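There are 2 protein chains.
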Amino acid sequence: MLGIKVICVGRLKEQFYSDAAAEYIKRLGAFCKLELEELPESRLPVNPSPADMESALSQEADRIELRLPSNSAIIALCVEGTMLDSEQLSQLLQKFASLGKSRLCFIIGGSLGLHDRIKQRADFCLSMSRMTFPHHLARVMLFEQLYRGFKISEGSKYHK
Amino acid sequence: MLGIKVICVGRLKEQFYSDAAAEYIKRLGAFCKLELEELPESRLPVNPSPADMESALSQEADRIELRLPSNSAIIALCVEGTMLDSEQLSQLLQKFASLGKSRLCFIIGGSLGLHDRIKQRADFCLSMSRMTFPHHLARVMLFEQLYRGFKISEGSKYHK
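From first to last, the protein sequence lines are chains G and Z. Start counting the first sequence at 133; every next residue gets the next number (the working numbering). Start counting the second sequence at 133; every next residue gets the next number (the working numbering).
Simulated from the structure, these hints should not be mistaken for lab results. Computed from a prediction, not measured in an experiment: that's the story for all the values here. Treat the hints with care, since some could be wrong.
Because identical chains cannot be distinguished in the list, a pair is counted as satisfied if it fits within a single copy or across any two copies.
Said to hold, decoys possible - Within a straight-line C-alpha distance of at most 30 angstroms, the following computed BS3-like cross-link-like pairs (lysine-lysine) qualify:
#1 Lys251 with Lys165
#2 Lys227 with Lys145
#3 Lys289 with Lys251
#4 Lys289 with Lys145
#5 Lys158 with Lys251
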């Protein structure tokens, strides 16, 4: 069974997003070993300078790098990444699995996004939308697309 | 104050999506007069033929057409539409408002999407993603983007 690790910077605050994420995690249990790791978001002053933001992103990147699993394909989520439709994401899951990667690791940044060095290290940068969504909602969207991807692979009708 | 009507085919089933939508509706109250209208989804047999689906979509389109407000810009959501980033959506809201349209009407189809004649009638077809999301989640995504669009217009920091 494919292992999927999802690294998220920041904790879900809104109960409805937690509940939505929990529902998809439950459903994904039928298709993969899912591991979710939440890392703390760096604190920013009220009016952060570019240097404050760079520093916060870099600290978050440090924490992410410590938690990246070995022998994993790394997929970073960022608005400027490559856009895939749901079928293509499903194929990507299958492709990485068939390459002998024992697991996939998706990374969702915090409110500032991800540091460039995480994007550069990633095997693939995935954009779910040109629109900027709050990272909490992005987490729900990713889980739903992973679930949809597995349902597409098994030829079920969920995705219709 | 700009009036925004959102026509949705189908009712929200999951409590977490209802709660999320309710939260954004509450927040949007500061920026627009929001009216949400849910229309019934047409029933389909277990293994629907293309003709069954065309018929269901057409029935749903009939119901939508009856509820389209006059003097409104019509924006249909569909996966193959034009992709905008959050800033461009914010500009679109301002543009339609400045054209003297007293309101905007967004339309989100049901699980089959929207009939072509609704897309053809629309002033704009908007795609939030190349990925297919469940229409319930799409509703939350749209509300969040409308809220973000207003926050961008007022120059606030929410969208950072």
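Now for the hints, and whether the structure bears them out:
{"no.": "1", "hint": "Lys251 with Lys165", "in the structure": "within (24 angstroms within a copy, 40 angstroms between copies)"}
{"no.": "2", "hint": "Lys227 with Lys145", "in the structure": "neither (34 angstroms within a copy, 34 angstroms between copies)"}
{"no.": "3", "hint": "Lys289 with Lys251", "in the structure": "between (34 angstroms within a copy, 24 angstroms between copies)"}
{"no.": "4", "hint": "Lys289 with Lys145", "in the structure": "between (33 angstroms within a copy, 18 angstroms between copies)"}
{"no.": "5", "hint": "Lys158 with Lys251", "in the structure": "within (29 angstroms within a copy, 36 angstroms between copies)"}
Checked against the numbered hints above, the structure violates only hint 2.
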